[in-house]
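J.: Given next are the chains, with one letter for each unit.
There are 2 protein chains.
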Amino acid sequence: MERVRASNRLLRYSCNKSLFDRRYNPSSQNSIHNSPSGYSHGFVNKCGDFHLYNGNHKWSVQTCFGFLRYRGETFRDSVEKGSLDSRCRGFGSLAAKVERNPSFSTLNADDISYFKGVLGEKTVVQEEERLAIANTDWMHKYKGSSKLLLQPQSTEEVSQILKYCNSRCLAVVPQGGNTGLVGGSVPVFDEVIINMSLMNNIISFDQVSGILVCEAGCILENLMTFLDNQGFIMPLDLGAKGSCQIGGNVSTNAGGLRLVRYGSLHGNVLGIEAVLADGNVIDMLGTLRKDNTGYDLKHLFIGSEGSLGIVTKVSILTPPKLFSVNVAFLACQDYFSCQKLLVEAKRKLGEILSAFEFLDSQSLDLVLNHLDGIRNPLPPTMHNFYVLIETTGSDETYDRQKLEAFLLHAMEAGLVSDGALAQDINQASSFWRIREGVPEALMKAGAVYKYDLSLPVEKMYDLVEEMRKRLSDSANIIGYGHLGDGNLHLNISAPQYDDRILMQIEPFVYEWTSKHRGSISAEHGLGLMKANEIFYSKPTDTVTLMASIKKMLDPKGILNPYKVLPHSFSSS
Amino acid sequence: MERVRASNRLLRYSCNKSLFDRRYNPSSQNSIHNSPSGYSHGFVNKCGDFHLYNGNHKWSVQTCFGFLRYRGETFRDSVEKGSLDSRCRGFGSLAAKVERNPSFSTLNADDISYFKGVLGEKTVVQEEERLAIANTDWMHKYKGSSKLLLQPQSTEEVSQILKYCNSRCLAVVPQGGNTGLVGGSVPVFDEVIINMSLMNNIISFDQVSGILVCEAGCILENLMTFLDNQGFIMPLDLGAKGSCQIGGNVSTNAGGLRLVRYGSLHGNVLGIEAVLADGNVIDMLGTLRKDNTGYDLKHLFIGSEGSLGIVTKVSILTPPKLFSVNVAFLACQDYFSCQKLLVEAKRKLGEILSAFEFLDSQSLDLVLNHLDGIRNPLPPTMHNFYVLIETTGSDETYDRQKLEAFLLHAMEAGLVSDGALAQDINQASSFWRIREGVPEALMKAGAVYKYDLSLPVEKMYDLVEEMRKRLSDSANIIGYGHLGDGNLHLNISAPQYDDRILMQIEPFVYEWTSKHRGSISAEHGLGLMKANEIFYSKPTDTVTLMASIKKMLDPKGILNPYKVLPHSFSSS
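Those protein sequences? They're chains H and E, same order as listed. With full-length UniProt numbering applied, the first sequence covers 1 to 572. With full-length UniProt numbering applied, the second sequence covers 1 to 572.
FYI, nobody ran anything at the bench for these hints, they're computed from the structure. Be aware that one or more of the hints could be misleading.
Where chains are identical, the list cannot tell them apart; a pair therefore holds if satisfied intra-copy or between any two copies.
Below, in silico cross-link-like pairs of lysine to aspartate or glutamate (DMTMM-like), each with a Cα-Cα straight-line distance of 20 Å or less [what the hints assert, rightly or not]: (1) Lys515 x Asp283; (2) Lys348 x Glu511; (3) Lys348 x Asp206; (4) Lys340 x Glu404; (5) Lys444 x Asp365; (6) Lys459 x Glu440; (7) Lys321 x Glu344; (8) Lys346 x Asp395; (9) Lys348 x Glu396; (10) Lys450 x Glu440; (11) Lys450 x Glu466; (12) Lys346 x Glu511; (13) Lys340 x Asp499.
Looking at chain H on its own, in the form it has when it is part of the complex (with noise of 0.2 Å):
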């Protein structure tokens, strides 16, 4: 009898697309989009916990309130005050301060002379609108005060300019598509800036083994199309695409929706050309996929933030391009459902399998209060969680069967309490916009604070309901993320900034993590954010190593400095 209760449920919100269609409409604004391409992986707008950058840079200090504290101070003190300025800056949450390192240069005339007959008039930019845009983060978090933005058009150029940067003790900030949320791709002071756009050319593509080798500028969604039409993926896929370089990327060890499928990018980035703070340039740039011959140095580079060398050129594997893709959105009544869900998918679906999101209720009533044409497509029956599945594969007919079969399998034994699967494209892209719709409902919603942990699955629900035992009613509390990776972005939200809400958070977020032998980091990166929080994560002689690495390829520390390490590391 229960089977066939769960038969009739799954069959209801698998085939019966006339039901299906009563509880959604997918003529609703925001929730229709094709890739220009024609083909679509079922996405649009994937915001991750990014929002693309829109090129409209007013400052809001509402935005910054809170998060830019300079001693003891808020930003906004400061600012009112006017005792903001460039000698000595703190940023991110609780205690985080930062002084110039005293033994940097500053910018002269004969600089500038010397970077314009290197790179020639046009790429020496000091125009001061130009400035205040790179200078600053897309959330507004962060601002720097460079005098000089640099754009290179080839490893030589880059060469020549750190090799004259570290000669002058010139401190740099390398910069991409300036997409990051922990402060890592602007300034903290003055660093001369490079950003990478001008160097985005493709250099080649093996169409037998699927190997991409390119310039570092190379926006991630431009390589999307070309690869599409050459019928490859890039192995990752992020919200920021539109805007985020390759090079970045790389550098920043970049997440994102397909990692549950296809790895990390220490799997997946086969070389890597880059230049270290000398200007000498390491070659790494291979194309194999197999290279046992000394030391991998390339992983030194990748996740390092741009502190240990600029990348100036990626080789990466990609896989072919598979065109049967199938979304579905689950509800389940507890979070151990939505673990026992995530085995059963692993075992069932397998090797097509491409994502395992999850969100709890509170993030839903968030996304579906805030944000325009996002509609719930099941029954506004109370659920406690809600799981995203996608499977893609090389056969429609077939990837369909098998999860509908998987969906019946886990109705009937009781793991989701009910579900609706997407019937065309178009349905699909507005099930991924109620996930990746949380991020931009939470900006909306007032203050926010945000987390990007790594923890043990089973543990990592665990740290939403403590704190929200801790907070009470004075902030909701929204999990969501990457299940299927373990990675949990808790966020609180809160109608203003407020240090007590913030007390009560850090450090507190941070040991919990800690103490599960989580990571304080999944995939956001420390920056400057979270440089001084590394040893929640990693051990001291860890760090220690870590400092003896950047100390020796880059003894001046003039690449990226105040990030990734602890200021104390860093500035000894």
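Take the given structure of chain H and dock chain E to it, following the hints.
T.: Below, chain E alone, put in the same frame as chain H:
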């Protein structure tokens, strides 16, 4: 008409079991295997380029002749004259010479007492017989003269050993299963052998995430058996699995048969615990799929062949076990068809493709002529190339249909001339036995010069053909390997070792590989054999950087000396 013919042909080998059976005798020796666990991946005695170590270490001068040379004399000359001592020894192909580093101390009685105090009597081994085994690699190609073998049982013991050795300037060689092919795991002179066999505990396994944590001395096959019971598999599989240890696999970045599906260990290893030369324990033993908190230092130790630190624990992501395995053995008329078949297989078989191996007709002939119980599953028509395709998925019926449809298409397109699809696990094993029997057959055929190269797939076989032109009738040139990974095993078989042949091969083979930006060691590593050849695959600046890292982590150079880096660099 062509389509009908192709269909009929496919049906003949894929469905008509009785016809298939006439060509193939599954009851023949060596061709049947079921794993003790009851689950078999359809492989038997996977040798890859390895043979399992069998404990029978009688020294064979004939086997070594031509490999070991000492001041211009052959090893045999030296043995006859009694002139081989431990002050200066040459190994490898044409010119590798190495002298004992005079800064290393010589073991004394106080050292032995110290180690006995730390480890106890039983795990401080001085027995000649046991030392003789540990001093020699399984090929009997390399032979050290160590007087001491230590068997630590904990990370703390490894740490104490290294701390002491570093202070005394005693060189050490870490040893796992000692199954390597480049002399990386045996002493060159009198280095203390640190054998990891007793650190063989599984520490934890997470059923939700599939993350396994274990000590470095766990034998790969034991981990496979453990995981099999949990419904998971190791992401790597090697011929040496019955002897090799996970610490050695990680330290050499072992490749093997599952790489085409699951990628390299850089993608699958989540964490490492390693002990540095000074005894410092570096805890990088994360169990998280995503962790962007600082430089990902574990990658330095993956593939550094024990020269930067001794890996003591490993955390690894294991994929769920999939039950449906199909294997096809196909004939192709030319190398271009093999390449095209690979591209098609990636696209059409997509997510279920798990192996794509190739061998030329010379390889097949060698196997058929030298190994007992192996039959050609195809009629004895002349074909130039053979391809083994394996699929692994979660649905027996569907996967089979998919493979059959692919094969039908490949025959219609003229890519495949003939083929056989295994009807059961025994037939699948016998197909694998052909591919994996090549190294064994080569050893039986006489002298063999072995090269493990990564090359762009489209260039790969050109080298085999050029080598045939160079050597004309003086040797039998064999090409086989992991086509799906761009990894060629080039083997030159001759009745006996002959310097004239060797001079025709080297340095030509390395120069040719270098010219095509290939790797002179795809998966075997550099060890002692190719330490001096590194420049064929890596530029000087990169090697210099490697040497700086070695110097930083192991200033006295006590860890696995004379290996990986060129002798000129490591002695400076």
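J.: When no copy is specified for Lys459 and Glu440, does a C-alpha distance of 20 Å or less occur within a copy, between copies, both, or neither?
T.: Classified as neither; 26 Å inside a copy, 49 Å across copies.
J.: What label fits Lys346 with Glu511 when the C-alpha limit is 20 Å: within, between, both, or neither?
T.: neither (31 Å within a copy, 45 Å between copies)
J.: Give the relationship of Lys450 and Glu466 under a CA distance limit of 20 Å: within one copy only, between copies only, both, or neither.
T.: within (16 Å within a copy, 60 Å between copies)
J.: Since the copies are identical, ignore which copy is meant and state whether Lys515 and Asp283 lie within 20 Å (CA to CA) inside a copy, between copies, both or neither.
T.: The answer is between: 15 Å across copies meets 20 Å, while 40 Å in one copy does not.
J.: Give the relationship of Lys340 and Glu404 under a CA distance limit of 20 Å: within one copy only, between copies only, both, or neither.
T.: within (17 Å within a copy, 34 Å between copies)
J.: What label fits Lys348 with Glu511 when the C-alpha limit is 20 Å: within, between, both, or neither?
T.: neither (36 Å within a copy, 48 Å between copies)
J.: Evaluate Lys444 and Asp365 at a C-alpha cut-off of 20 Å and name the case that applies: within, between, both or neither.
T.: within (13 Å within a copy, 71 Å between copies)
J.: Using 20 Å as the alpha-carbon threshold, which applies to Lys346 and Asp395: within, between, both, or neither?
T.: both (18 Å within a copy, 13 Å between copies)
J.: Cα distance capped at 20 Å. Does Lys450 pair with Glu440 within a copy, between copies, both, or neither?
T.: within (12 Å within a copy, 58 Å between copies)
J.: What label fits Lys340 with Asp499 when the C-alpha limit is 20 Å: within, between, both, or neither?
T.: neither (38 Å within a copy, 63 Å between copies)
J.: When no copy is named, should Lys321 and Glu344 be tagged within, between, both, or neither for a Cα gap of at most 20 Å?
T.: Classified as between: cross-chain Cα gap 12 Å, same-chain 25 Å, threshold 20 Å.
J.: Can you tell me if Lys348 and Glu396 fall within 20 Å by alpha carbon in one copy, between copies, both or neither?
T.: Answer is both; intra-copy 17 Å and inter-copy 12 Å each pass.
When each numbered hint is compared with the structure, violations occur for hints 2, 6, 12 and 13.
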